[in-house]
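Asker: Numbered by the working numbering, the letters in the sequence shown go through residues 1 to 222 in order.
One or more hints might be untrue.
To be verified - In silico DSBU-like links for lysine-lysine, alpha-carbon gap of 30 Å or less:
no., residue 1, residue 2
1, Lys187, Lys79
2, Lys76, Lys2
3, Lys79, Lys156
4, Lys158, Lys2
5, Lys158, Lys76
6, Lys2, Lys112
7, Lys76, Lys156
8, Lys2, Lys156
9, Lys112, Lys187
Said to hold, decoys possible - Computed Cβ-Cβ distance ranges for the label pairs, DEER-style:
no., residue 1, residue 2, range
10, Glu130, Ile3, 24 to 30 Å
11, Asn133, Trp189, 19 to 25 Å
12, Leu87, Ser46, 35 to 41 Å
These aren't lab readings, by the way, just hints derived from the structure by calculation. Here a beta-carbon is modelled for each residue, glycine too, at the ideal position from N, C-alpha and C.
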Amino acid sequence: MKINQFWIRVFGLFGIIGGLTLFAGDMLFYYDHSNTNFRENMGRASDFRIIASAITALLAAWFYMLGVIQVYHAFKPSKPVVRNTLLFCFGAIVIAYGVIHGAYVSIATSAKLATQYNLDINEAVSLAAETSNVLRLFVYPIFGVLSILFIVQVWKRKTLYPRWIILFFPLIPFLIQDFICNNLSGKIWIIVCGGYLNLILIVFFMASTIALWNINRISNNE
Numbered sequence: 001m002k003i004n005q006f007w008i009r010v011f012g013l014f015g016i017i018g019g020l021t022l023f024a025g026d027m028l029f030y031y032d033h034s035n036t037n038f039r040e041n042m043g044r045a046s047d048f049r050i051i052a053s054a055i056t057a058l059l060a061a062w063f064y065m066l067g068v069i070q071v072y073h074a075f076k077p078s079k080p081v082v083r084n085t086l087l088f089c090f091g092a093i094v095i096a097y098g099v100i101h102g103a104y105v106s107i108a109t110s111a112k113l114a115t116q117y118n119l120d121i122n123e124a125v126s127l128a129a130e131t132s133n134v135l136r137l138f139v140y141p142i143f144g145v146l147s148i149l150f151i152v153q154v155w156k157r158k159t160l161y162p163r164w165i166i167l168f169f170p171l172i173p174f175l176i177q178d179f180i181c182n183n184l185s186g187k188i189w190i191i192v193c194g195g196y197l198n199l200i201l202i203v204f205f206m207a208s209t210i211a212l213w214n215i216n217r218i219s220n221n222e
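Using the sequences and the hints given, assemble the complete structure.
Answerer: See the structure below:
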């Protein structure tokens, strides 16, 4: 599949938009100016915020998938089996982002009912939360394969990416998530930690788009 410079940039922007869209969905669930308890904030969220957040899951999955096309193009120098494996892994992960976020609607709904009827909120959301955690277990091994594939290929210069893109690949920020969130508090904690997994993809797609902004022109001049 031949992609010109314009579309390389556009697909990267779609990835960024996907991250911003689902980050907004996270904030619709979590953000409250006076409380930092995620479940309590979901319990007080309006019906509109819960429904709107669910919609962002679908839109973001579409945008993210378009963004993955840019990464797929960056692996053009790699073997077809490597490119296709990357496409499968990255695609599976961003689709899972949307599915898991959509599953959070059940957590928010359970929290809302618990708040309305004075039930124990943690007990009310326990089944929905456990379901979300089980879904995540399917993603972790795929993310592991993707991380090894991406880092090795980039380091060996078998992609169109410069080596510095490894610093912005989601693996490193994912591994330091607990450290970062344990050192934040208040509103900034809600914003950063509530939308952390989408923020790291926003950063990655921004770095990817910058790295590939003039890649065809550079390749033609070599």
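Asker: Between Lys76 and Lys156, is the straight-line Cα distance small enough, at 30 Å or below?
Answerer: holds (14 Å)
Asker: Falls inside 35 to 41 Å, the C-beta gap from Leu87 to Ser46?
Answerer: With Cβ atoms ~38 Å apart, the hint holds.
Asker: Given the hint that Lys2 pairs with Lys112, test it: the Cα-Cα distance must not exceed 30 Å.
Answerer: violated (49 Å)
Asker: Can you confirm whether the C-alpha distance between Lys79 and Lys156 stays at or below 30 Å?
Answerer: It holds: about 13 Å lies between the C-alpha atoms, which stays within 30 Å.
Asker: Assess, step by step, whether the Cα of Lys158 is no farther than 30 Å from the Cα of Lys2, and give holds or violated.
Answerer: holds (18 Å)
Asker: Below or equal to 30 Å on CA atoms is what counts here, so check Lys112 against Lys187.
Answerer: Holds - the C-alpha atoms of Lys187 and Lys112 are around 21 Å apart, at most 30 Å.
Asker: How does the Cβ-Cβ distance of Asn133 and Trp189 compare with 19 to 25 Å: does it lie in that range?
Answerer: holds (21 Å)
Asker: Measure nothing beyond the straight line between the CA atoms of Lys187 and Lys79; if it is 30 Å or shorter, mark the hint as holding.
Answerer: This hinted pair is violated, its Cα atoms lying about 46 Å apart.
Asker: Within a Cα-Cα threshold of 30 Å, do Lys158 and Lys76 meet the stated pairing?
Answerer: holds (8 Å)
Asker: Would you check the hint for Lys2 and Lys156, treating anything up to 30 Å between C-alpha atoms as holding?
Answerer: holds (23 Å)
Asker: Just to be careful, I want the Cα atoms of Lys76 and Lys2 compared with a cutoff of 30 Å; is the pair within it?
Answerer: holds (10 Å)
Asker: Does the Cβ distance between Glu130 and Ile3 fall inside 24 to 30 Å?
Answerer: For Glu130 and Ile3 the Cβ distance comes to about 42 Å; the hint is violated.
Consistency with the previously given hints fails for numbers 1, 6, 10, ordered from lowest to highest.
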